[in-house]
Amino acid sequence: MRRLLITLVVVAALPLLAIALYQPAPAANVQEVLIGELLPLTGNFASLGQQYLWAGQTVEDIVNNDYPDLAVPLGPGKGFPGLGGAKMTLVVRDDQSRGDLARTLVEQLITVNKVHFINGEGTSGTTSIIQPVVEGYGIPMACHPCASPTLTEKGFKWFWRTGPNDKTMVASVFSFFREWREHGGPTDLKTIALLTCDNLFCQDNRKIAGELAPAAGFQVVLDLTTKTGATTLASEVQRLQAANPDVLFLVQYPPETAVFQGDAKRAGWMPKVLATSNGAYSDQTWLEAQKKTNGGVGFLGRDPTAIDLVQDRPSWKKVNDIYKKYSRGQNMGELAMREITGLLWMADTINRAKSVEPAAFAKAADETNMTPAQLIIDYKGVKFDKNHQNELATGVVTQIGWDGEKHTIWPWDLAKRANFKIIYPMPSWQERDSKPKPAS
Amino acid sequence: MTLLLQAIANGLLMGFLYALVAVGLTIIWGLMEMINFAHGEFLMLGMFGAWGLSVAFGLDPLVSILPVGLVMYGLGVLVYRLLMRRVQRGDPFTQIFATVGLLFLLQNSAVAAFTSDYQYLTNTLLTRLSGARLQILGINLGIPLLIGALLALVLFLALYLLIDRTEFGLALQATAEDREAAMLVGIRPQKMFAVAWGLGAALVAVAGCILANFFAIYPQVGFPFTVLAYAIVALGGFGSILGTLLAALVVGVVQSVTTVYLPPAFKDAFVFASYILIGLFRPQGLFGRF
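Chains as they are written, first to last, in this note's numbering: chain A, 2 to 441; chain B, 361 to 650.
Derived by calculation from the structure, the hints in this document are not laboratory data. Glycine included, C-beta positions come from ideal geometry on N, C-alpha and C. Mixed in with the good hints there might be a few duds.
[Said to hold, decoys possible] So, partial list: chain B residues that the calculated Cβ filter (under 10 Å) puts toward chain A:
id : residue
1  : Q448
2  : T454
3  : Q455
4  : Y480
5  : I503
6  : A633
7  : S634
So that you can see chain A by itself, here it is in the shape it has in the complex:
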């Protein structure tokens, strides 16, 4: 019995011992900066993971090769000048979209591969699982496309995020609704229904929308949470039809959004306004498919950038060309843009720190003050608050037009530049079928 107890204590103490004995890689003579890239490359979130991998490969390419005309951090020149030209190397691991595996892999990346920085995991749920592990080892970490507010609100010392969180982005949608009335929009939008999936990302969105809706003048008439991977939403559509909300706030991944669209079409139902948040609305393949059916016309949603305006930036075009080398020709979507922006900030910070020591990185990160001119995205810059959340990350509201593209409709100054007439009410399914499709 005593022997068993001793064995148990030793086994329990081993992880603590590993953390205590762990020594970060020595800073002197750094030949390469190792970035632990933990991503869901297979499993349920593989479509997200592959975009983040392409984004990582793009930044690795930008840092390690000379792009003299590219006006982004470390574009011109090879490697990290602050580290004597050291190369950036991604150490990629696939967690199969599983939190338990992610936890093991991140420990391996830190203790075996001796990476200097952890980037990942790309989804808020799994990131929240690995955060305490990385924090324990005192290694800098970031997840730029993760939008759950809780990731930074926990106040971790070693976690940073350059991208906006859901509070910022969902707030954008409700600010738009509030102000739309004063900008010639409809005044009779009174009720809203929420249809969201059941993971951390969707539920964060749901909670924030539920909190913001009354202040924007909406009564929540239905609040439905569905399983991720739902094979039918016909009954949910029936309930929506019965509740007949003016606005539907839909947060679903692409497969469930396709199921919803099919069921709504079969029921012949469409609300006056359909607002989304990330999920399918951020997925390039879903957006491209909508061009063949007009199925996404009128969907509006939050984006971290005015994607129709940002494409005019020369640096966006050049970065997109590099990205396409890895993405089999696919253009950067907003998720990839968020990730690339974040990774370029990371590279810039390591360069300014002139060291791979975590403390030096933290100091340089806290001193970050990037301007919009250095970014490929529409943030007002990069500067962190006390919780390491970029306080200059912004949200815009866009809407899919009859051309199948997203157009900025809020804030109003950007909307004016975009010069797009808001589609209201949502076109019926018959109208969508009868009009020409941009990609047919």
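Assemble the complex: chain A is given as a structure, and chain B must be docked to it using the hints.
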């Protein structure tokens, strides 16, 4: 009342689609009692097959049923010959691990070949009809789902006739029940099992061709359907083709009706609760023979 009737109608139509998915498993697991956790991956391959033929040659998925079914029959036979035959006589856990390995192999091969992008079929006969509805007593019935249901019925009927009314079907059943006795009367069990795997793979791939009209196509699409298919076959009863069909309809209706009156979180809870109840009081399933 209309709400309830509409929910039942929706559930029945979805039930037919579920039946389509479960039909292949009916043979492999329900009849031959072999475990196949890669069932959903055969479905996924069928969906990708339909998508690939549509993109490359403009074939409608309903036309692709034939080539995809034939190729998948071959794959099913191959999987049996190369993998399952070797683990067949071992512990059931060996079959589980072998087919879980196959699941990852097929799924990750699809990721490598097609990436994890979501693909959609948008210009097919059924998608063009996606807004068409039949209205009976105020209840809407989507025409594409009705066609899917009809195809499911035809497939089940064909399978039922094949298994229950032909010598080949009786030989399959005999092999499943007592391999040694079957051998004594001249049946070659290995051949029967290979054909069963071929048929199972082909049928679920045919289901994939039809489902490709309704769902996004991506490497992980099979899993939610696999879980439902297992519940349906077990609920319907081992060895009962028509039991599987009825169980699929029950699952569709239970999902649909509960969601109309309760939070959607209960949707699958009730399906699996009924599965547990049946397991407790009638372990052989609703219409099972053994």
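Now for the hints, and whether the structure bears them out:
Checking Q448 (chain B) against chain A: minimum C-beta separation of about 28 Å lies over 10 Å; hint violated. Annotation: interface hint on T454 (chain B) violated; nearest CB of chain A at approximately 23 Å, more than 10 Å. Given hint, Q455 (chain B) at the interface with chain A, is violated; its Cβ is 22 Å from that chain's nearest Cβ, farther than 10 Å. At about 4 Å, the closest approach between the beta carbon of Y480 (chain B) and any beta carbon in chain A falls short of 10 Å, and the interface hint on this residue holds.
Contact between I503 (chain B) and chain A, as hinted, is supported at the beta carbon level, the nearest pair being about 9 Å apart and thus within 10 Å. Proximity of A633 (chain B) to chain A is violated relative to the hint, the smallest CB-CB distance being about 15 Å (cut-off 10 Å). Taking 10 Å as the C-beta contact cut-off toward chain A, the hint placing S634 (chain B) at the interface is violated, the least distance being around 17 Å.
Comparing the model with each numbered hint stated earlier shows that hints 1, 2, 3, 6, 7 do not hold.
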